[in-house]
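Novice: The listed protein sequences derive, respectively, from chains A and B.
Counted from 1, the first sequence has number 291 at position 260 by our numbering; the numbering is strictly sequential.
Counted from 1, the second sequence has number 74 at position 70 by our numbering; the numbering is strictly sequential.
Check the hints yourself; a few may be wrong.
[Unchecked claim] The calculated lysine-lysine pairs, modelled on PhoX-like cross-linking and capped at a C-alpha distance of 25 Å, are:
{"#": "1", "chain 1": "B", "residue 1": "Lys249", "chain 2": "B", "residue 2": "Lys270"}
{"#": "2", "chain 1": "B", "residue 1": "Lys6", "chain 2": "B", "residue 2": "Lys193"}
{"#": "3", "chain 1": "A", "residue 1": "Lys486", "chain 2": "B", "residue 2": "Lys112"}
{"#": "4", "chain 1": "B", "residue 1": "Lys187", "chain 2": "A", "residue 2": "Lys486"}
{"#": "5", "chain 1": "B", "residue 1": "Lys32", "chain 2": "B", "residue 2": "Lys187"}
{"#": "6", "chain 1": "B", "residue 1": "Lys214", "chain 2": "B", "residue 2": "Lys199"}
{"#": "7", "chain 1": "B", "residue 1": "Lys321", "chain 2": "B", "residue 2": "Lys271"}
{"#": "8", "chain 1": "B", "residue 1": "Lys271", "chain 2": "A", "residue 2": "Lys486"}
{"#": "9", "chain 1": "A", "residue 1": "Lys486", "chain 2": "B", "residue 2": "Lys309"}
{"#": "10", "chain 1": "B", "residue 1": "Lys219", "chain 2": "B", "residue 2": "Lys335"}
{"#": "11", "chain 1": "A", "residue 1": "Lys91", "chain 2": "A", "residue 2": "Lys388"}
{"#": "12", "chain 1": "B", "residue 1": "Lys271", "chain 2": "A", "residue 2": "Lys312"}
{"#": "13", "chain 1": "B", "residue 1": "Lys309", "chain 2": "B", "residue 2": "Lys219"}
{"#": "14", "chain 1": "B", "residue 1": "Lys309", "chain 2": "B", "residue 2": "Lys197"}
{"#": "15", "chain 1": "B", "residue 1": "Lys270", "chain 2": "B", "residue 2": "Lys32"}
[Stated by the list, open to error] Here are the computed distance ranges between Cβ atoms for each label pair:
{"#": "16", "chain 1": "B", "residue 1": "Arg303", "chain 2": "A", "residue 2": "Arg418", "range": "29 to 37 Å"}
{"#": "17", "chain 1": "A", "residue 1": "Arg418", "chain 2": "B", "residue 2": "Ser382", "range": "51 to 59 Å"}
{"#": "18", "chain 1": "B", "residue 1": "Thr310", "chain 2": "A", "residue 2": "Ser216", "range": "28 to 36 Å"}
{"#": "19", "chain 1": "A", "residue 1": "Gly434", "chain 2": "B", "residue 2": "Lys270", "range": "22 to 30 Å"}
{"#": "20", "chain 1": "A", "residue 1": "Arg418", "chain 2": "B", "residue 2": "Leu128", "range": "35 to 43 Å"}
{"#": "21", "chain 1": "A", "residue 1": "Arg134", "chain 2": "B", "residue 2": "Lys249", "range": "21 to 29 Å"}
{"#": "22", "chain 1": "B", "residue 1": "Thr310", "chain 2": "A", "residue 2": "Arg385", "range": "49 to 57 Å"}
{"#": "23", "chain 1": "A", "residue 1": "Gln245", "chain 2": "B", "residue 2": "Leu311", "range": "51 to 59 Å"}
{"#": "24", "chain 1": "B", "residue 1": "Lys270", "chain 2": "A", "residue 2": "Ala494", "range": "31 to 39 Å"}
{"#": "25", "chain 1": "B", "residue 1": "Ala60", "chain 2": "A", "residue 2": "Ser314", "range": "48 to 56 Å"}
{"#": "26", "chain 1": "A", "residue 1": "Asp133", "chain 2": "B", "residue 2": "Leu128", "range": "26 to 34 Å"}
[As the list claims (entries may be wrong)] A short list of chain B residues far from chain A (calculated; beta carbon distances all over 12 Å):
{"#": "27", "residue": "Asp33"}
{"#": "28", "residue": "Gly40"}
{"#": "29", "residue": "Ala48"}
{"#": "30", "residue": "Pro61"}
{"#": "31", "residue": "Lys80"}
{"#": "32", "residue": "Cys89"}
{"#": "33", "residue": "Met104"}
{"#": "34", "residue": "Thr287"}
{"#": "35", "residue": "Ser288"}
{"#": "36", "residue": "Phe319"}
{"#": "37", "residue": "Asp377"}
{"#": "38", "residue": "Asn386"}
It should be emphasised that the hints constitute simulated quantities derived from the structure, not laboratory data.
Note that the structure is a prediction, hence the values are computed from the model and not measured.
Idealized CB from N, CA, C, for every residue including glycine.
Next come the chains, spelled out residue by residue.
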Amino acid sequence: MKEVEIAIIGGGPGGICAAAEAAKCGAHVVLLDENPGLGGQIYRRLPGGFAVRDEGRLGKDYVEGTKLIRELEQHKEKVEVISGAVVWGVFPGNEIAFLSGDRNERLKANRVILAEGAYDRPVPFPGWTLPGVITGGAALRMVKAERILPGERLLLAGTGPLQLALGAHLVQAGAKVVAILEASSRGAFWKHLPKLLGERGLLKEGFNYIRELQRAKVPVLTGHAVVAVQGDGEVQRAVYARVDNNWKTISGTEKTVEVDTICSGYGLVPSTRLSRLFGCKHSWDRSLGGWVSEHDSYAETTIQGVFTVGECAGVRGALVAAEEGRLAAIRACQQLGRLSEDEARRKSVSVVKRLKKLTGFESALGKMFAMRSGLFAQIPDETVICRCEEITAGEIRSAIAEGLTSIDEIKAVTHAGMGPCQGRICETIVSEMVSIQTGRPPEEVRPHTPRPPVKPLVLGSFAQE
Amino acid sequence: MKQETEIVVAGGGITGTATAYYLAKAGKDVVLVERGDLTRGSSAANAGFVWITYRAPGPALRLGLATLDSYDEMSKNHDMEYEKCGGLTLFETENLFKDMAPFVDVRKNAGLSGLKFLDRNGLLQLEPHLAPFVLGALLNPLDGHINPMRAVYAYAAEARKHGAQLHTGVEITGINIEKGHVKSVITNKGEIKTKYIVNACGAHAPVLGKMVGLKVPIGFQREQILVSEEVPGIVGRPMFTASYKKTVQQGGVGGFTTAFFANQTKKGNLILGGVNDFPGEVTSTTFEAFEAISREAIRYLPILKTLSVRAIRSFAKFYIHTPDALPVLGKVKGIEGFIMASGLNDFGMGVGPGAGKVISELICLGEPSIPLDGFSLSRFEN
Ligand SMILES: Cc1cc2nc3c(=O)[nH]c(=O)nc-3n(C[C@H](O)[C@H](O)[C@H](O)COP(=O)(O)OP(=O)(O)OC[C@H]3O[C@@H](n4cnc5c(N)ncnc54)[C@H](O)[C@@H]3O)c2cc1C
Ligand SMILES: Cc1cc2nc3c(=O)[nH]c(=O)nc-3n(C[C@H](O)[C@H](O)[C@H](O)COP(=O)(O)OP(=O)(O)OC[C@H]3O[C@@H](n4cnc5c(N)ncnc54)[C@H](O)[C@@H]3O)c2cc1C
Numbered sequence: 032m033k034e035v036e037i038a039i040i041g042g043g044p045g046g047i048c049a050a051a052e053a054a055k056c057g058a059h060v061v062l063l064d065e066n067p068g069l070g071g072q073i074y075r076r077l078p079g080g081f082a083v084r085d086e087g088r089l090g091k092d093y094v095e096g097t098k099l100i101r102e103l104e105q106h107k108e109k110v111e112v113i114s115g116a117v118v119w120g121v122f123p124g125n126e127i128a129f130l131s132g133d134r135n136e137r138l139k140a141n142r143v144i145l146a147e148g149a150y151d152r153p154v155p156f157p158g159w160t161l162p163g164v165i166t167g168g169a170a171l172r173m174v175k176a177e178r179i180l181p182g183e184r185l186l187l188a189g190t191g192p193l194q195l196a197l198g199a200h201l202v203q204a205g206a207k208v209v210a211i212l213e214a215s216s217r218g219a220f221w222k223h224l225p226k227l228l229g230e231r232g233l234l235k236e237g238f239n240y241i242r243e244l245q246r247a248k249v250p251v252l253t254g255h256a257v258v259a260v261q262g263d264g265e266v267q268r269a270v271y272a273r274v275d276n277n278w279k280t281i282s283g284t285e286k287t288v289e290v291d292t293i294c295s296g297y298g299l300v301p302s303t304r305l306s307r308l309f310g311c312k313h314s315w316d317r318s319l320g321g322w323v324s325e326h327d328s329y330a331e332t333t334i335q336g337v338f339t340v341g342e343c344a345g346v347r348g349a350l351v352a353a354e355e356g357r358l359a360a361i362r363a364c365q366q367l368g369r370l371s372e373d374e375a376r377r378k379s380v381s382v383v384k385r386l387k388k389l390t391g392f393e394s395a396l397g398k399m400f401a402m403r404s405g406l407f408a409q410i411p412d413e414t415v416i417c418r419c420e421e422i423t424a425g426e427i428r429s430a431i432a433e434g435l436t437s438i439d440e441i442k443a444v445t446h447a448g449m450g451p452c453q454g455r456i457c458e459t460i461v462s463e464m465v466s467i468q469t470g471r472p473p474e475e476v477r478p479h480t481p482r483p484p485v486k487p488l489v490l491g492s493f494a495q496e
Numbered sequence: 005m006k007q008e009t010e011i012v013v014a015g016g017g018i019t020g021t022a023t024a025y026y027l028a029k030a031g032k033d034v035v036l037v038e039r040g041d042l043t044r045g046s047s048a049a050n051a052g053f054v055w056i057t058y059r060a061p062g063p064a065l066r067l068g069l070a071t072l073d074s075y076d077e078m079s080k081n082h083d084m085e086y087e088k089c090g091g092l093t094l095f096e097t098e099n100l101f102k103d104m105a106p107f108v109d110v111r112k113n114a115g116l117s118g119l120k121f122l123d124r125n126g127l128l129q130l131e132p133h134l135a136p137f138v139l140g141a142l143l144n145p146l147d148g149h150i151n152p153m154r155a156v157y158a159y160a161a162e163a164r165k166h167g168a169q170l171h172t173g174v175e176i177t178g179i180n181i182e183k184g185h186v187k188s189v190i191t192n193k194g195e196i197k198t199k200y201i202v203n204a205c206g207a208h209a210p211v212l213g214k215m216v217g218l219k220v221p222i223g224f225q226r227e228q229i230l231v232s233e234e235v236p237g238i239v240g241r242p243m244f245t246a247s248y249k250k251t252v253q254q255g256g257v258g259g260f261t262t263a264f265f266a267n268q269t270k271k272g273n274l275i276l277g278g279v280n281d282f283p284g285e286v287t288s289t290t291f292e293a294f295e296a297i298s299r300e301a302i303r304y305l306p307i308l309k310t311l312s313v314r315a316i317r318s319f320a321k322f323y324i325h326t327p328d329a330l331p332v333l334g335k336v337k338g339i340e341g342f343i344m345a346s347g348l349n350d351f352g353m354g355v356g357p358g359a360g361k362v363i364s365e366l367i368c369l370g371e372p373s374i375p376l377d378g379f380s381l382s383r384f385e386n
């Protein structure tokens with residue numbers, strides 16, 4: 032089995048910066064990412080076949096991404112990038128198993144940096160499984176990196192600044208955005224928006240987004256959320272309404288609008304499959320997006336030699352991801368003897384300073400845009416929660432009423448979470464539902480026991496003897 | 005939680021929940037305590053085979069038949085995904101037909117009259133996807149499969165309905181004996197006075213035994229299984245090979261055995277096995293097991309490769325064993341009120357409910373309908 036000093040999983044800003052920094056410190060690194068190219072979510076490259084003449088026209092993120100990837104390319108001899116590598120399991124002794132094409136491979140790493148990122152938070156409402164309902168992140172990815180419009184008449188519903196970015200990108204690309212529904216109250220949203228944008232290095236862009244939206248006369252309706260989506264086989268209409276402070280629909284305020292696409296953007300959920308497989312201790316923090324792996328100030332988890340950086344360690348944007356990646360790399364290199372304690376300290380000073388600035392006011396703001404339970408309390412019984420196995424809210428509620436209160440137990444009896452997505456979609460919803468129905472705080476609802484494969488694995492990927 | 009009851013059942017697996025159900029149904033005052041939740045033990049993480057073919061004619065086989073009756077009865081009110089669809093033992097060599105003949109003969113006269121050898125053609129009619137090197141099989145039409153988790157929850161629900169109290173997150177840490185009689189159990193949530201304690205702790209039955217000074221020779225190994233995505237119609241009934249494969253790991257330490265088996269759930273997920281080893285009390289799954297199980301599954305069912313079928317889950321639990329592969333059931337010498345209901349080896353789903361029923365009879369009537377002498381703990385004394 033191949034052995035490396037540091038394996039980094041995830042090729043977004045967190046992973047790229049970790050790899051570049053580690054290489055600068057002299058370590059040999061393997062960077063694994065499942066996509067055809069580096070960049071992660073925010074800096075995703077255009078698909079092969081596109082020729083880019085003027086990067087500037089693809090936006091600030093694209094240019095930023097190119098900068099980071101160039102930085103990494105300067106250390107080619109130290110960094111092996113394996114793109115198209117789906118990590119499906121980690122095993123004792125820091126063994127990492129991944130599918131490369133249709134071949135199964137394994138490597139052993141002395142230190143591991145997890146930079147898996149986050150995924151769109153699923154929020155169910157009647158009609159959310161209709162074709163035409165997509166997540167905000169997926170829509171961003173389509174317009175930004177795939178250059179396709181997800182629809183012609185769109186309604187954006189959710190919370191947080193990414194919605195504004197999405198709206199602006201859609202408008203620029205020629206789509207009609209009928210409205211952006213922001214669940215937070217008016218005061219909260221506009222008051223904190225500049226800070227939140229600033230923290231993510233998006234202040235200038237942010238105002239451009241807002242100007243773009245104003246020019247196109249896209250209303251931003253604060254204190255509103257989508258209630259239901261209707262249509263015959265596909266999205267045709269959306270019903271939306273005012274919501275109270277807990278984001279529960281205020282009845283009597285419903286309105287209907289004709290659209291062909293809904294982008295549901297309620298923030299992100301940290302991906303913690305791999306850190307859970309490693310056995311790292313996790314704790315629950317709503318402002319970070321839910322369960323995250325506990326770590327020290329150098330991003331090292333409770334399992335020695337395993338680090339977690341970027342959105343998988345808490346949803347805080349690309350800039351934090353990048354700095355955290357660097358910090359973890361410095362620490363790992365020190366542990367490997369590539370840096371003396373002194374050198375490591377010196378190198379981390381400026382990174383820590385930048386991180387402090389970025390995360391200074393984060394938790395208060397994180398809370399502002401964090402999910403409220405009202406949305407989950409009002410899910411009708413017939414609405415499907417587990418999309419893989421088609422299990423409804425009613426089925427889950429009756430299991431909870433029978434006294435089942437851990438995600439594993441509910442999965443055992445109802446099958447929710449047993450499908451190919453391994454509960455990625457329904458786990459957060461079910462835990463909100465348990466919390467609401469039992470009155471216990473979400474941190475007391477025991478999450479899944481994770482098992483490999485974290486992504487479906489073709490049985491034929493192992494060579495026959 | 006009650007502080008006093010007549011019977012405490014320790015362990016919320018298939019054996020414990022079934023025992024609690026039969027006791028409660030008979031009007032007894034029962035408290036079941038489970039240290040984790042009801043998915044903690046082996047009963048929530050097995051292949052779901054309900055097999056009685058391999059039970060020795062006599063009391064062991066009768067426990068199996070009683071279990072099938074119990075499932076039939078329970079299925080009236082609960083969808084446990086139980087199907088008496090038959091089960092297949094696969095033969096890869098001609099010799100196996102001959103070697104198995106006496107085994108089949110004795111069982112045919114002891115209640116399994118439907119046992120039947122199938123040649124390659126007969127087998128292909130039932131299971132068209134099996135590879136050509138499988139020459140035939142032994143079919144028992146009474147065997148079948150069940151969703152083990154649903155089974156546990158069904159017995160638990162019925163037990164509650166009949167007045168039993170079930171408590172999860174309660175671990176037994178000690179047992180008080182006075183003058184040779186069980187007086188109370190100590191748990192992490194307090195003491196419960198009781199006349200009886202039923203030890204249905206699966207792999208941990210020896211720990212409970214030790215609390216009262218008993219040596220219970222139950223060992224366990226880890227067994228690992230893969231679960232595929234939904235691909236209906238690959239296998240019609242649970243099947244396994246009697247041929248094991250040993251893999252010695254590099255350096256000669258450790259090592260594991262692989263034996264192919266397959267079962268398909270109602271939804272179409274394939275349960276594929278199995279790899280066994282002895283890592284101690286560990287329930288993680290290994291790369292080597294993924295590799296070994298995947299390879300064997302494709303060797304027996306090449307269509308899995310053709311269709312690019314994917315694994316979506318793996319799991320591992322303790323597969324318990326006794327020296328003579330028989331369960332340990334009934335009273336123990338010298339401690340009045342201490343009842344064993346453990347040692348169900350690889351057949352808990354095919355015997356657990358039957359065992360629960362007779363344990364209940366033993367407590368309620370003093371005389372079980374199936375004699376338990378052959379299953380007593382004292383058989384290991386020499
Ligand atoms: C769909 C989507 C779109 C987004 N778009 C924007 C945007 O336009 N602007 C913005 O500011 N923020 C956006 N975000 C937020 C974004 O997550 C962060 O800003 C930033 O990308 C975080 O960087 P990261 O390095 O932590 O993770 P990511 O950039 O998410 O990188 C993680 C990488 O790891 C890979 N990976 C994960 N698991 C495995 C595995 N098991 N095997 C192999 N590879 C794996 C992922 O495919 C991904 O490439 C988006 C988020 C999502 C989910
Ligand atoms: C991978 C695998 C596949 C298998 N496949 C099959 C199959 O296909 N068919 C079949 O028939 N059998 C199969 N078996 C065997 C079967 O699972 C067992 O025989 C059966 O589950 C045993 O049930 P049980 O109730 O005796 O024990 P368990 O289900 O293990 O229950 C014991 C319970 O006791 C609890 N406990 C332990 N100590 C304490 C304490 N101090 N206080 C409170 N509670 C305690 C445990 O938490 C546990 O929940 C398989 C086993 C494994 C591991």
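Novice: Could you work out which of the previously given hints the structure breaks and list their numbers from low to high?
Specialist: Numbers 1, 3, 4, 12, 13, 14, 15, 18, 28, 29, 34, 35 and 36, in rising order.
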